[in-house]
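*Asks:* This is what each chain is made of:
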Amino acid sequence: MAKKESTFLNMLVTLLLVTLASSAALGYIYEFTKGPIAIAKSAKKNMAIHKVVPEFTNLPGEEVKKVVADNDTLYLYPAKNGDQLVGVAVETFTNKGFGGPIRLMVGFLPDGTINDIAVLEHKETPGLGDKMQKSKSNFSLQFEGKNPDNFKLSVKKDGGDVDAITASTISSRAFCDAVQRAYTVFKEGGIQ
Amino acid sequence: MLKTFAKGGIHPPENKLSAHVTILDLPVPKTVSIPLSQHLGVPAVPVVDKGDAVKAGQLIAKSEGFVSSNIHSPVSGKVVKIDKVPDTSGYKKNAIVIEVEGDEWIETVDRNGDLINTFDYSREEILKKILEAGIVGMGGATFPSHVKLTIPRGKKANYLIINGVECEPYLTADHALMMQKGEEILVGTMILKKVLDVDKALIGIERNKPDAIEHLTRLSEKYPGIEVYPLQEKYPQGGEKQLIKALINREVPSGGLPIDVGTVVHNVGTAFAVYEAVQKNKPLIERVLTVTGKSISKPSNFRVKIGTPISDVIEAAGGLPEDTGKIISGGPMMGKAINDLSVPVTKGSSGILILPEPEAKRKKIDPCIRCSRCINVCPMGLEPYLLMSLSQKNLFERLENEKVMDCIECGSCSYTCPSNRPLLDYIRLGKVNVGKIIRSRK
Amino acid sequence: MNASDCYEQQGLIEDINEGLITVNVKNTSLCADCHAKGACGFFDIQKKSIQIFQSSANFKVGEKVNVILKKSLGIKALFLGYIMPFLVVLVVLIVLSILHASELFAGLVSLSLLIPYYVALYIFRNKIKKSFTFTLRKIE
Amino acid sequence: MSSVVLFTIVSLSVLGVLSAIILFFVAQKFKVFEDPRIDQVEENLPAANCGGCGFAGCRNFAEALVKSESFDGLYCPVGGNETMEKVAQILGREAVAQDPKVAVLRCNGACDFRPKTNQYDGASSCAIESALYGGDTGCQYGCLGLGDCVDVCNFDALHMDPVTGLPVVNDTNCTACGACVDACPKDLFELRKRAKKDRKIYVACRNEDKGGIARKNCEVACTGCTKCFKVCPYEAITMNNNLAFIDADKCKLCRKCVPECPTNAIIEIGFPPPKIKEPADVEATDGKTGPAETIMKESKESINNKEE
Amino acid sequence: MSKLITISPSPHVFGSQSVGRLMYGVILALVPALLVSVFFYGMGAIIVTLLSIGFCVLFEFLIQKFILKTEVRISDGSAMVTGLLLAFNVPSNLPWWIIMIGALIAIGVGKMTFGGLGNNPFNPALVGRVFLLISFPVQMTSYPVPGGLNTGYVDAVTGATPLGIIKEGLKSGLSISDLMKEVPGYLDLFIGKMGGSLGEIAAAALILGFLFMLFRKIITWHIPVTMVGTIALFTGILWLINPDKNADPLFHVLTGGVLLGAIFMATDYVTSPMTPKGMIIYSIGIGAITVIIRVFGSYPEGVSFAILIMNGFVPLINRYIKPKRFGEEVKHG
Amino acid sequence: MEYVLIIISAVFVNNIVLTQFLGICPFIGVSNKVDTAFGMAGAVTFVMVIATMVTYILQHYVLLPLGIPFMQTVTFILVIAALVQLVEIILKKVSPALYQALGIFLPLITTNCTILGVAILAVQKDFNLIESVVFAISNALGFGLALITFSGIREQLDLADIPKSMKGVPIAFIIAGLLAMAFMGFAGIVK
Amino acid sequence: MSNLKNFAKGFVKENPVFVLFLGLCPTLGTTSSALNGLGMGLATTFVLAMSNLVISLVASVIPDKVRIPSFIVIIASFVTIVDLLMSAYTNTPGPNGEPSLYDQLGIFIPLIVVNCIVLGRAEAFASKNSVFSSLLDGLGMGLGFAFALTLLGSVREILGSGSVFGFKFIQGDGILMFVSPPGAFLALGFLIMLMNKWKQKIV
Ligand SMILES: Cc1cc2nc3c(=O)[nH]c(=O)nc-3n(C[C@H](O)[C@H](O)[C@H](O)COP(=O)(O)O)c2cc1C
Ligand SMILES: Cc1cc2nc3c(=O)[nH]c(=O)nc-3n(C[C@H](O)[C@H](O)[C@H](O)COP(=O)(O)O)c2cc1C
Ligand SMILES: Cc1cc2nc3c(=O)[nH]c(=O)nc-3n(C[C@H](O)[C@H](O)[C@H](O)COP(=O)(O)O)c2cc1C
Ligand SMILES: Cc1cc2nc3c(=O)[nH]c(=O)nc-3n(C[C@H](O)[C@H](O)[C@H](O)CO)c2cc1C
Ligand code: SF4
Ligand code: SF4
Ligand code: SF4
Ligand code: SF4
Ligand code: FES
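Protein chains in written order, with this note's numbering: chain A, 279 to 470; chain B, 11 to 452; chain C, 71 to 210; chain D, 612 to 919; chain E, 21 to 353; chain F, 6 to 196; chain G, 24 to 226.
Okay, chain A solo, but in the shape it has when bound (with noise of 0.2 Å):
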């Protein structure tokens, strides 16, 4: 095909057909995708959720639950295998961060036992306070199966059981903040 002169015409042609043809086909993956897409996004709340209580089949993200705390919002997601409620994953803030807020996901088995830590969000140091995610170190792991109500939720230098991160106290004191918060919610109304 030869080359097109440059008329005004030719040129409003070709880029109507060149536009018509990417929109098109734009359509057709998006329309293709939008599935995945909305799987793998309700995947990624629902991963979070999977991993800190124990197998569950209903629908969490259903059943949420708002709890409006210190101008922040905790969800409550309760996971139920059948009608039997597994556990309440809880996801919980603090303000105390080194860095800035810390969102965790919290997973408890209904008699308030700590299940599993996730951490959603931090800005803490890296190489310091980030050693609270489970991937940088082990901190975390010392939560598992404690329950808060014989488990002071404070670093030993306040007094409490919780090892503190090597040098990074003040990033362990706002987990554990983010911790009790959870908790208190969860026993204020948590459990249903």
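Worth flagging that the hints you see were computed from the coordinates, not collected in a lab.
There's no promise every hint is true.
[What the hints assert, rightly or not] Here are the simulated lysine-lysine pairs, DSS-like style, with alpha carbons at most 27 Å apart:
{"hint": "1", "chain 1": "B", "residue 1": "K374", "chain 2": "E", "residue 2": "K85"}
{"hint": "2", "chain 1": "A", "residue 1": "K322", "chain 2": "F", "residue 2": "K130"}
{"hint": "3", "chain 1": "E", "residue 1": "K191", "chain 2": "E", "residue 2": "K265"}
[To be verified] Some, not all, of what chain F presents toward chain D, calculated at C-beta under 10 Å:
{"hint": "4", "residue": "A46"}
{"hint": "5", "residue": "L68"}
{"hint": "6", "residue": "L71"}
{"hint": "7", "residue": "V79"}
{"hint": "8", "residue": "L88"}
{"hint": "9", "residue": "V99"}
{"hint": "10", "residue": "I153"}
Note that beta-carbon positions come from the ideal geometry of N, C-alpha and C, so glycine has one too.
Go by the hints and put chains B, C, D, E, F and G with the ligands onto chain A.
*Replies:* Below, chains B, C, D, E, F and G with the ligands alone, put in the same frame as chain A:
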């Protein structure tokens, strides 16, 4: 606080070894060679030929154009050749070589040493005498004095400044001259005042010459309108821009001349030469210079015929010491090193300095550590470290913008640099290159 | 003229007509310094011609020259061309939002105010033209 | 078709058309594509950006080549005729061949021939030294040996010979860009026509002093004796200010002048035999004989050969 | 004359200052602070200092000799100053390999990549220090508690710096008056009995060094005085506004690296402006940024960062703040 | 107050060049002269603000209502490209003298990733119109700050003896790294 | 030029990052680990190859003056496609809650559209060459880009966290600076320097 200029400056050890030595007349040498270019401007043109007999004081080369100067024979004898001879420029340049025979002078010169302190020539007459006597600035720049004294139209001088600062270490010629020919200098100053039509003449002298200050102050009482000012010791106070700043707190604008701030500056030697030219009809054929150095046996001040080879002068001061490392025509800060003892004394030679071996060598160059010492000492407010690197990288436009042409080449920056950087060497090179560009633009 | 107060651009004289010299300067894009500009075609080099009234005695068509613009004029151009319209948009936007106009309205109105701004520039174009003077210098 | 696809198509098409209109105007008013030949030409230039052509860089030169009507005065000394030929092909023009040139140093005042009379101790720059004075030997015309020329040579064609204290031109690398010619404050470099096999005969001296003085300061100085001038059958030699000069264009390399010179100031290079010694060999000798002297010997030897 | 005479352009006489003398002067001025440090931190201070100097000089030597293949000029003392100051900026219990990395970064990245002495835009010792702080935050923020001459090296008991205590306390909502009880008193702060980097603690010794350098004309007063003044001024204003949340100016000046930074690091010739006016602008900048970081930032101490940031602005300062040229404004007096 | 936070954050803490890595190409490429850097900063401010406003309106009043936010990339780039060119045309038509002066003063502004990046970030951060504009301005300032400081250092280094192998781009990256490191000191000023 | 050469030149001789210095933002922004670098590189490769392919197909019928806008639309479409695909299939967080690849690459995916290499190749190569060689060119350039990103990512990961592609080989942290922004600049600076030296050696 004594007066001094505001910014920069250094105070190197003074070493004024010959400070109180009386000026002696050096015997007339056997041959003299008189360079045709002893002044700033166009070289003079010889008016004698090989074989001609000349008398002392006779015109032998005529000024060529306005910015040029007459040259007279300092001796009587025969012209043996007009040829290239090494001079202080470091190159061989045309000179008239005269073999001395007898001591005949042209008749007009009054060789009597008595002071004549009255004159009543008109300004034009004085200027003409100065022009004819071939007087140039004795402060080192050798700028023809009649040019300086011809005030451009539209400008007016209000001060005459006489430069008795002599801030260069070692040199004492001006000091000795002020002590011995004080009154003549003052008369010369009166003459200059008349030419310039100013009421006030200021004589600036650094306080390391208290006797000269005292001597001239006392003498000046007789001469109305002349005032002597003691100044704090600081190099380069003798630079005319700095001296003007120190004395009357005016700054010569960048690229400007002293006359732009209503002044004319002359060296005490020039004033003396003017006195001799006007009152005694004596052209500029001899000058006072210092021969000095730590290992010179007799540091002295001599009155020397122009054209005398410096070897004669050094001989008279006790000969060249064993440990000579460097021979400098002028002072240690601005003088020029020379490599040939046959180089003649010229109108601008203010001294001969012999540096011993260890002092002659420069030290190893280190990288610039940006200590800003060079900036702090630069009397012109320049940034020598920057100028040097711009010059090394051939960035002429930036050099011009950084005002490289304002540098007075005082060398304070090189003196002070802890890294021994050859700042002035490169700045000078930059000035040459930028100067070329500026000229090509015109 | 002191070079530090000026910008310079190389150009080629395209035309000389009764003292009106037209010079083509290359306006290089951001990628000017990039040696891969040959590989990159993003809105590449454009030419701009500049008209200068200057005695044309010394110049020939096809000659390379430096076009010199005073730095203060460059800054003025920057101001008129970019900063001022930016301020206009910003101020109007802020005023409208203080008045609680809807975002769409505020946004569109403040953007459309660029039109009168440019119209104003157009009206004053001759005045502007007078204040922007260029000088030519030969490149040896 | 779902509404999303529909909206996609509509919105993008609208935008596409709008930008088409805008960009149409852009194209109309602004877009001046650079002549693609400039790129092509530039690709064929040596990319040395040395300025030997008189332009700021290879690209500027390429532009000039493309824009000009003929190649008058446009020549890349670095690429030489070959490059100009290629460029001419691209532009469909006639290349003007120029004789290739090479830099020669018109001073042979090695340390052995030219005793030092003083010691220079300023900044290490020929320009600065020469501004200060004539130099650290009796000859004020000769090489100062601080290598300003070496610094500016972009082609690694110059290096200082530590023994002679003189720069040595590497004929193979030298592109005759002329940078050294401009850099030398003593004006010692000359770009001479490259003859066959890089043979050359030239007066390696710039000393304008009278014979005796020149000779006293440097053993190999041209004394201005005019012997060579008289012997040259082709009038290739001129005398000026006590100095002989051989015009490379007229010189036919007959070598008659070479043995005439009483101070061996005329240098011949590239003539057989013997072969030119590698500089490495020179260094291997006890360090006293520098290339200059080697050259001298060679010329003497070749004289002998001829006489036999 | 047996020897050839020398010819060179003017001037022909020179002052007596040299790079080596300046650098060794700085080292001498730092000795009192080192002694105090040894007094409080024992062997650790000596080991860290020697290691740091050793590594810095070694790296400078290796890079000059084998990588850049230039003249080796370790004897000019600048690498030693860098090493000493790097050591002064780290805790006295820092493991040897971290010191090595710090020295490599300081000399290798901070100095030699730019061509060595005189060319680096950023203060090498601080480049090394901040690099370590970000890379090894645990080790770089665990300061030994001053325990006298026999405090160990790596086994030292660690604690917090006064600034760290304040910062942490404020974060947990305590007030200054409470916290002041936890930090050492002013006399201790003045003589250096507190936790901190090994060279920054001894205010008295640092000031002694300052006087020595002033006397020897190694530095001028402009940078140190302006910088300390600015910090005192800004913290003073904050303190007056809210003494319960902001420590007083004296505390701010005596703790952390203010004095060390002001006297020895901000004054580094190479990375500070060339004119007095420029120096004043520069040190006001350092002071202001230090206070901002200390009060609002997450780092308890900001001097190092502040100096590095202002180092970045030095070329601009030099470009716009020129010495007053002679004859610039024509005065007719 | 939140505007102040946006400004401080974008200029110092999360500087667009030094920590967000946007606009590196012009940062490395055009930052040789301080004068040009100043000009660039001014021009980029204008373009960035206008581009952000237009894309904001596009996003919120076209793409979102139509349910096609995935068309963001395509539409934004088209709009921005056209806009940049449009400004040029208008300037040229409206005041040739001004246009010519700018031509000598500044390099052209092309659509680089800063402009698109800021437009997209403003949308991602859920800013309202004014916040978006403030965000754009502060990023332009941050860009300008980094560019100007950087060009100052490079101008100075032009006179220094950088080792040969480091000359040019490598040293530029080292400087940028050290500058970025210094700017890390601002961490935490804005939470 | 042979097809092979055409393909290979992107790796060393005309490497977009180390030699041409193009697309520096993603290079710095996405190389905190080797895997991220590789991911970004591959995403870019896809766009490059596909847009080169399509453009070389249609270039001959597009009038000169709308060339650029058409190319932009085509490239942007492929970028959007990558974006959509990645948000669908690479958006799962890691086992320990590390952010997904899609999240880590973040804004740099849409910004592929302004990456000079993409448009540059379209203009300079695809619009003038055959479909197959354009595809190869795109693949070569893209893989060269990916190679550079992976290399930088690996270096940063090794130094910064003591691991490559997530496999840890030392306990604890590495030199954390290398995983933070300044480290990206420093590492790239020294890599380019080394590349320069190496290239000089092999030439
Ligand atoms: C650069 C730097 C980053 C820091 N980051 C954190 C952090 O992320 N989390 C934290 O708890 N402490 C951090 N700190 C340390 C605190 O300032 C404080 O020193 C520490 O929390 C208290 O020390 P301790 O835990 O050893 O008692 C950091 C300190 C510095 C200097
Ligand atoms: C080119 C030139 C022109 C000068 N013209 C005048 C002049 O017209 N009037 C004047 O008073 N001095 C004039 N001077 C002399 C200078 O003011 C000055 O006295 C001279 O250069 C020596 O000064 P120095 O020794 O401080 O360098 C001129 C000097 C030069 C170099
Ligand atoms: C750095 C410097 C130092 C100078 N020192 C002196 C000095 O000590 N005495 C002096 O008479 N002239 C000195 N001059 C020369 C003066 O600037 C000026 O040329 C001279 O006083 C003019 O007088 P004249 O024309 O009579 O020589 C110095 C010049 C410079 C640049
Ligand atoms: C007064 C003074 C202060 C210095 N401060 C430092 C410093 O803070 N850090 C450093 O690495 N070197 C310092 N040096 C040494 C030297 O200047 C430094 O290594 C250069 O920056 C290297 O180019 C200092 C030197 C002097 C004279
Ligand atoms: S720059 Fe010139 S005027 Fe300034 S100190 Fe140096 S020599 Fe003197
Ligand atoms: S005095 Fe020397 S070391 Fe100091 S700034 Fe000037 S040139 Fe540099
Ligand atoms: S020797 Fe001279 S002419 Fe030859 S390449 Fe080198 S600088 Fe150019
Ligand atoms: S030839 Fe000229 S430039 Fe080269 S070293 Fe000799 S004097 Fe210097
Ligand atoms: S990739 Fe070039 S500016 Fe960002």
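*Asks:* If a hint holds in the structure, say so; if it does not, say that too.
*Replies:* Do the hints match the structure? See the list:
1. B:K374 / E:K85: holds, 19 Å
2. A:K322 / F:K130: Given that 27 Å is the threshold and the Cα spacing comes to 19 Å, the pair holds.
3. E:K191 / E:K265: Within the cut-off at roughly 10 Å; holds.
4. A46: violated, 24 Å
5. L68: holds, 7 Å
6. L71: holds, 4 Å
7. V79: holds, 6 Å
8. L88: At about 8 Å, which falls below the 10 Å cut-off, the nearest Cβ of chain D leaves the hint on L88 of chain F intact, so it holds.
9. V99: violated, 13 Å
10. I153: Violated, because the Cβ-Cβ distance from I153 of chain F to chain D comes to roughly 27 Å (cut-off 10 Å).
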